[in-house]
Amino acid sequence: MRVWVNGTEAVLAPGMTVRHALIQVGLLPEVAAGKKVYDAWGNEVGLEGGLQDGAELWVK
Amino acid sequence: MRRSRWAWTLGVLLAVLLVATAAGAASLRILHINDFHGFAQPDTPLGTQQEQGGAAYLATRIKELRRERPTLLLAAGDMIQGNNLANLFQGKSMVVLMNALGLDAMVVGNHEFDFGQEVLRERIKEARFPVLGANVEGLPGLKPYVINKVGRLRVAVIGVVTPETATATHPRNVVGLKFEAPEAAVRRCLPRVKPGADLVVVLSHLGYAADRELAAQVPDIDVIVGGHSHTRLTEPVRVGNTIIVQAWEHGKVLGVLDVTVEKGKITRIQGRLEDISPAVGREDPAVARLVAVYSREVDKKLEKVMGQAAVELDGQNVRRQETNLGNLVADIIRQTAGADAALINGGSLRTSIPAGPIRVKEIYNVLPFDNYIAAVRLTGAQLRAALEHGLSGLEEGAGRFPQVSGIAFTFDPGAPPGSRVREVTVGGQPLVPEKEYTVATNDFLVAGGDGYVAFKDALGAEGGYQTTGGMLNSPRLSYNDPGRWLRDVVGEYIQTQGTVAPRVEGRIKALSK
Numbered sequence: 001m002r003v004w005v006n007g008t009e010a011v012l013a014p015g016m017t018v019r020h021a022l023i024q025v026g027l028l029p030e031v032a033a034g035k036k037v038y039d040a041w042g043n044e045v046g047l048e049g050g051l052q053d054g055a056e057l058w059v060k
Numbered sequence: 061m062r063r064s065r066w067a068w069t070l071g072v073l074l075a076v077l078l079v080a081t082a083a084g085a086a087s088l089r090i091l092h093i094n095d096f097h098g099f100a101q102p103d104t105p106l107g108t109q110q111e112q113g114g115a116a117y118l119a120t121r122i123k124e125l126r127r128e129r130p131t132l133l134l135a136a137g138d139m140i141q142g143n144n145l146a147n148l149f150q151g152k153s154m155v156v157l158m159n160a161l162g163l164d165a166m167v168v169g170n171h172e173f174d175f176g177q178e179v180l181r182e183r184i185k186e187a188r189f190p191v192l193g194a195n196v197e198g199l200p201g202l203k204p205y206v207i208n209k210v211g212r213l214r215v216a217v218i219g220v221v222t223p224e225t226a227t228a229t230h231p232r233n234v235v236g237l238k239f240e241a242p243e244a245a246v247r248r249c250l251p252r253v254k255p256g257a258d259l260v261v262v263l264s265h266l267g268y269a270a271d272r273e274l275a276a277q278v279p280d281i282d283v284i285v286g287g288h289s290h291t292r293l294t295e296p297v298r299v300g301n302t303i304i305v306q307a308w309e310h311g312k313v314l315g316v317l318d319v320t321v322e323k324g325k326i327t328r329i330q331g332r333l334e335d336i337s338p339a340v341g342r343e344d345p346a347v348a349r350l351v352a353v354y355s356r357e358v359d360k361k362l363e364k365v366m367g368q369a370a371v372e373l374d375g376q377n378v379r380r381q382e383t384n385l386g387n388l389v390a391d392i393i394r395q396t397a398g399a400d401a402a403l404i405n406g407g408s409l410r411t412s413i414p415a416g417p418i419r420v421k422e423i424y425n426v427l428p429f430d431n432y433i434a435a436v437r438l439t440g441a442q443l444r445a446a447l448e449h450g451l452s453g454l455e456e457g458a459g460r461f462p463q464v465s466g467i468a469f470t471f472d473p474g475a476p477p478g479s480r481v482r483e484v485t486v487g488g489q490p491l492v493p494e495k496e497y498t499v500a501t502n503d504f505l506v507a508g509g510d511g512y513v514a515f516k517d518a519l520g521a522e523g524g525y526q527t528t529g530g531m532l533n534s535p536r537l538s539y540n541d542p543g544r545w546l547r548d549v550v551g552e553y554i555q556t557q558g559t560v561a562p563r564v565e566g567r568i569k570a571l572s573k
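Chain order of the listed sequences is A and B.
When you number the first sequence by this note's numbering, it's gap-free, plus one each residue, and the end is 60.
When you number the second sequence by this note's numbering, it's gap-free, plus one each residue, and the end is 573.
Hints in this document: simulated from the structure, not taken from any laboratory.
Ideal placement from N, C-alpha and C gives every residue a C-beta, glycine not left out.
Do not rely on the hints blindly, as some may be mistaken.
[Stated by the list, open to error] Chain A stretches covered by chain B per the calculated footprint, using a threshold of three residues with CB under 8 Å from any CB of chain B:
id	segment
1	2-8
2	24-35
3	38-46
[To be verified] Among chain A residues calculated to face chain B with C-beta under 10 Å, some are:
id	residue
4	Val11
5	Leu12
6	Ala13
7	Pro14
8	Gly15
9	Met16
10	Thr17
11	Val18
12	His20
13	Ala21
14	Gly54
15	Ala55
16	Lys60
[To be verified] Computed Cβ-Cβ distance ranges for the label pairs, DEER-style:
id	chain 1	residue 1	chain 2	residue 2	range
17	B	Arg356	A	Gly7	21 to 31 Å
18	A	Glu9	B	Ala415	46 to 56 Å
19	B	Pro476	A	Lys60	32 to 42 Å
20	B	Arg129	A	Gly26	17 to 27 Å
21	A	Gly7	B	Pro255	19 to 29 Å
22	A	Lys35	B	Asp335	16 to 26 Å
23	B	Gly416	A	Gly7	28 to 38 Å
24	A	Glu56	B	Thr470	43 to 53 Å
25	B	Glu456	A	Lys60	43 to 53 Å
26	B	Gly300	A	Lys60	23 to 33 Å
27	B	Gln368	A	Gly42	46 to 56 Å
28	B	Arg410	A	Lys35	18 to 28 Å
29	B	Arg482	A	Glu9	43 to 53 Å
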């Protein structure tokens, strides 16, 4: 599946989570430093959250 | 005179209250959790400094809130798999805990299937609450829905799980099962439950985006209690006629939704997430005892001897050269995935194991991360590029140094990064750039961790994804087992072998300058 993190595409296998998307775009260290992850509607999501094709995530 | 005026006022107020009640207003509280994943003990999440969650504290708050009005306690899936406290008991510990919490219903999540169907059937039998899955066909014990009398209201709860469960767990876990589109399953249940229910709740393990779609497609749902996406919905969201709630993850919050129903319609809703965290005097003693018992059991299980190491297993040099521990783990990964080759990052192996007994905790120390095995079809050219990348950080001893199985290669450490790899063989035959090989690895590298792009490039290439029966799958993904941690696979292998004596075999040879 393809998801977008801060506008950058991440290509993931089925079953992969928010954490995998952040690994791919190199933003996991920012979460470790205190930033949070939000979905397309502005809700915070956990790192093990399931994703669906086309999902948008924002790290801020 | 004053006293009689007060009595008159009180009487009027009581009369108004009685009339309102007689008119049919009834209230209900829905408490909800989701994606617990075994987090019965408080945890400090990545990027925070504060402990959150804890089943004993959760239990106290549930009891307090239950006393206030008629209540349903619901769990929206992924409750029995995750950390050691869940996995070392194949989820039984979590069912015991949910029984103690007094759960009213739970829907299966995709991870509930991770221990296999036989185990799941056992867990369902042990549960003193109905386990739901209206869109799962073929698993005895699962109920499509349940109707509960809560105070004066009859509440129908229909359970649905993501159909992607079929591809998001190992295929052996879902043999013979059919996952139907949730919308179809809910539509099928509605005519059966609606006549006898004042309120229709869908307990969903679909994820927030899919919950919104379901609400838009099926307007007869009153409330969706969601999970799967680990979404922190701080207040209820309305989509059409449907209220959607979700309570983040790991019992860090408790979802509270108060609903008033009058003449068959919801006239008032109030929802919130309450933070759960450790606090002195706030532990429920019975649940705290259960957590302590299972925590002690975890400690015992970590001491269990799984086998013997005939030689020291070298985890110190995995970032610079082939080691026997790297070979052992890469071999296990390749064999498990039935792949042509395996490639892992040396940095995934965190320490050595001395010769002698190998306890579970030694294996967990070597592989502390929640990684799982996956295999991707790579071309020979992509595999060679992956090896080049793995060797590109030699100077700094980078964790991306490859440990391999089924592969042998030579390299020139003096050559510039990106042109160090020389001869490569797979299965003893020279690597063919155009040929496709199944290459097993861990999920970290498939996701592009340590800068490896070969696996995600293969998945993302043309034809890398197909939609079959409404479900997305990846033909290039030849193996995928997200519910079984690599460390447990390694432990089982060592237990089966009894004694392991891996050697450095010349799979990775540095050419002398």
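How the hints compare with the structure:
no. : hint                               : in the structure
1   : 2-8                                : violated (count 1)
2   : 24-35                              : holds (count 6)
3   : 38-46                              : holds (count 7)
4   : Val11                              : 4 Å, holds
5   : Leu12                              : 7 Å, holds
6   : Ala13                              : 5 Å, holds
7   : Pro14                              : 4 Å, holds
8   : Gly15                              : 3 Å, holds
9   : Met16                              : 6 Å, holds
10  : Thr17                              : 8 Å, holds
11  : Val18                              : 7 Å, holds
12  : His20                              : 4 Å, holds
13  : Ala21                              : 8 Å, holds
14  : Gly54                              : 8 Å, holds
15  : Ala55                              : 7 Å, holds
16  : Lys60                              : 12 Å, violated
17  : Arg356(B) <-> Gly7(A): 21 to 31 Å  : 48 Å, violated
18  : Glu9(A) <-> Ala415(B): 46 to 56 Å  : 47 Å, holds
19  : Pro476(B) <-> Lys60(A): 32 to 42 Å : 38 Å, holds
20  : Arg129(B) <-> Gly26(A): 17 to 27 Å : 48 Å, violated
21  : Gly7(A) <-> Pro255(B): 19 to 29 Å  : 48 Å, violated
22  : Lys35(A) <-> Asp335(B): 16 to 26 Å : 20 Å, holds
23  : Gly416(B) <-> Gly7(A): 28 to 38 Å  : 52 Å, violated
24  : Glu56(A) <-> Thr470(B): 43 to 53 Å : 45 Å, holds
25  : Glu456(B) <-> Lys60(A): 43 to 53 Å : 31 Å, violated
26  : Gly300(B) <-> Lys60(A): 23 to 33 Å : 30 Å, holds
27  : Gln368(B) <-> Gly42(A): 46 to 56 Å : 54 Å, holds
28  : Arg410(B) <-> Lys35(A): 18 to 28 Å : 26 Å, holds
29  : Arg482(B) <-> Glu9(A): 43 to 53 Å  : 34 Å, violated
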